[in-house]
Amino acid sequence: MTANTPRLADGSAPLLTVEHLTMRFGGLIAIEDLSFQARDRQITAIIGPNGAGKTTVFNCLTGFYRPTVGRLTLHLPTGDRLLERMEGFRIAQAGVARTFQNIRLFPRMSVLENLIVAQHNPLMRASGFSFLGVFGARGYRDAEEQAIIEARRWLERVDLVEQADWDAGNLPYGAQRRLEIARAMSMRPALLCLDEPAAGLNPHESAELNQLLLSIRDQERIGILLVEHDMSVVMGISDRIVVLDYGRKIAEGSPAEVRNDPAVIRAYLGEEDDEALPPEVARDLRPGEGA
Amino acid sequence: MAASAAAAPNRVDAVAIVREAAVAAVVAVALFLPLIGFHTVDQGGVLGIETRFDWLAIGVAAVFLGRLALATYRETRTRRLAPGAFAGIGARLEAIVQASIPWVAAATIAFAFALPFLPFSNRYVIDVATTVLIYVMLGWGLNIVVGLAGLLDLGYVAFYAVGAYSYALMAVTFDLSFWVCLPLAGLFAAAAGVILGFPVLRLRGDYLAIVTLGFGEMIRIILINWYPVTRGPDGISGVPRPSFFGYPFTSSPPEGVTAFHQLIDQWLAGFHRMLGLAYQGFDYSGQHRVIFLYFLILVLALVTNVFTLRIRQLPVGRAWEALREDEIACRSLGINPRNTKLTAFGIGAMFAGFAGSFFATRQGFISPESFTFTESATVVAIVVLGGMGSQVGVVVAAGILVLLPELGREFAQFRMLLFGAAMVVIMIWRPRGLLAHREPTIRLNRPVPIAGSAAP
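Chains A and B, in that order, give the protein sequences. Final position of the first sequence in our numbering is 1283; the numbers increase by one with none missing. Final position of the second sequence in our numbering is 489; the numbers increase by one with none missing.
Next comes chain A alone, as it looks inside the complex (with noise of 0.2 angstroms):
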């Protein structure tokens, strides 16, 4: 889209803007023909069944894949950014942070080295790429006390300053997957990516992942691309959901009008006249009413 990004009508600007997305690998198309917007101070939820093309839509985004056809667009303050020509770690630069599907984590280094790394460029640049770091600078020793500050910060929030010299490979499950959102919001992103942040989360913890986004969201003031299998996640904070179903976009809305829409049930639950339901389909069949 254009550079100056027009208001919404809620007063939210487009952050994210997805347009003709297509992937093919070989004859398989994992995503054909998606459009879509993320908008900043929003959380944007993609959700589909198994297979429909979620995280490949964000492996496209954080430049893992090359979409074949397609334009991705960041909107951000200083101008436009296209995704799609950007190599992953450009994009990572440009201020899209973030998390995997299979925790992936520096398991055999400190969770607060897990939250400096993360602060990489900023700290490269105050070392001198490493000329001046060598010898003690002083700019540079500034640079991690701010370093560590904001890791802190972070440690704080998800409630991680206890271990947070650990090996991050130690760690239980759930607080690795705080630390993991921790370190992607350590890089201080203008849109933060979650792949099923809430996967092998009991459901206090995946309350208290709620409550984290919601923070996140209102207090950073940043935009929330997030990939869920976990109605009650999705249902419980999602601002604006995007259902897919076999790599094409068949529904878009509100939390309430996409849990009503017929697409959406016949995507989730196969055609109407099934009529014999296992029991852990039809707790699906009522998503949001779960949590």
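Treat each hint with caution, since some may be false.
Unchecked claim - Among the chain B residues that face chain A by a calculated CB cut under 10 angstroms, a handful are:
#1 Leu310
#2 Leu347
#3 Arg357
#4 Glu358
#5 Gly367
#6 Pro370
#7 Leu467
#8 Arg471
#9 Pro473
#10 Arg476
#11 Leu477
Read the hints as simulated data drawn from the structure, not as lab findings. Glycine is no exception: its CB is placed at the ideal position from the N, C-alpha and C atoms.
Let chain A serve as the given structure and place chain B on it in line with the hints.
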């Protein structure tokens, strides 16, 4: 626990233990019969065979009894000790070792500086110590690539060779001094590291190891075949020996040049005159150069160590370690994996280049034979045995790997066997290396004193 409960199953197991030992003995017979049982002898120009069944019997008996003892020990140990008992002792031992490392390191450095002046030291001791230090330096350099960045480089000797040849060629052709050539040799080696690093950026693990191994061989083969420049298998002789900052180590220096012993003689004479003491004079000795070389490599190695310890605490060092842990996560955090890997290759190679130019000046002669795969393998073994990323571990492992074959000289043909056995024992006992513990580069909370309790 219950000793009686353990006794009953032990009796039943005795049969199984004997059977296990018997099976081992049968295997030993099959193996030893051709290896030990027959012996070729020269019978007046004709090759004849002699049998050595007495040796065979001794070998098989040793295997049988050894297996019996091992199996008995294993059975009784598992029965009498709770599973965690050894782990507790191990953790406590580990904590003690960890706590003492700074002291041991300081003591070792002090010892290294004092070594040439200790009563037992002679030319042989200093020569061996110099060799150990070359490997320590190579180990510390490779530790950056393998231990920190996690890039398994089996061709490290290539950069050692580049450093050695850079120094030798520059010194012989352009008559440059050691102190000018040293940084240049490091620079050339680093450039070689970056150039060889480019094609392997996308490779990891085994694939990277194979390709780097190939690069190591390529450099050696280039050195053999590029005759006009490297003089091929003839090598480069007459590499200038180092001087003491311009004062050569010779008994009779040419006109107008002061030799090292004359310089020291002047200093000492002046010093003694000042204090009003009698002075006997300071004579030339061939040992001066050996000691100087020893101190030179000691200082170079320590520089490598200090540099590595510092850079570990810088963003680039942390990025190396993060890259070792998870490259995909690194990219998602905005770390440029290409630059990060190339700096690791380049800086690792630079230290190999320094070590190489030291090697050239020490030997005075270099040829491609000094830069075979065995050298790479030894350095990798030092890093892996020491514990990836552990600086002290490298020193211990270099000590073991260089000294063990040296001490084993009396065992003649069995020394490589001993060497192999030691490697196997270390890998069983400490599969992650002798000192695998990693201390965080930065801490938020004060370290908790963990004297006895296991770390979390």
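Cross-check of the supplied hints:
1. For the restraint placing leucine 310 of chain B at the interface with chain A, the shortest Cβ-Cβ distance is roughly 43 angstroms, beyond the 10 angstroms limit, so the hint is violated.
2. Given hint, leucine 347 of chain B at the interface with chain A, holds; its Cβ is 4 angstroms from that chain's nearest Cβ, closer than 10 angstroms.
3. Against a cut-off of 10 angstroms between C-beta atoms, the interface hint on arginine 357 of chain B holds, since the closest Cβ of chain A lies about 8 angstroms away.
4. Look at glutamate 358 of chain B: its Cβ gets to within about 4 angstroms of chain A, closer than 10 angstroms, so that hint holds up.
5. Among the interface hints, the one on glycine 367 of chain B holds; its C-beta lies about 4 angstroms from the nearest C-beta in chain A, closer than the 10 angstroms criterion.
6. Contact between proline 370 of chain B and chain A, as hinted, is supported at the beta carbon level, the nearest pair being about 7 angstroms apart and thus within 10 angstroms.
7. Among the interface hints, the one on leucine 467 of chain B is violated; its C-beta lies about 17 angstroms from the nearest C-beta in chain A, farther than the 10 angstroms criterion.
8. Checking arginine 471 of chain B against chain A: minimum C-beta separation of about 6 angstroms stays under 10 angstroms; hint holds.
9. Hint on proline 473 of chain B holds. Least Cβ distance to chain A is approximately 4 angstroms, under the 10 angstroms limit.
10. Hint status for arginine 476 of chain B relative to chain A: holds, with the closest Cβ pair at about 5 angstroms, below 10 angstroms.
11. Of the supplied interface hints, the one on leucine 477 of chain B holds, with its beta-carbon coming within about 4 angstroms of a beta-carbon of chain A, less than 10 angstroms.
Going down the numbered hints, you'll see the structure goes against 1, 7, while the others check out.
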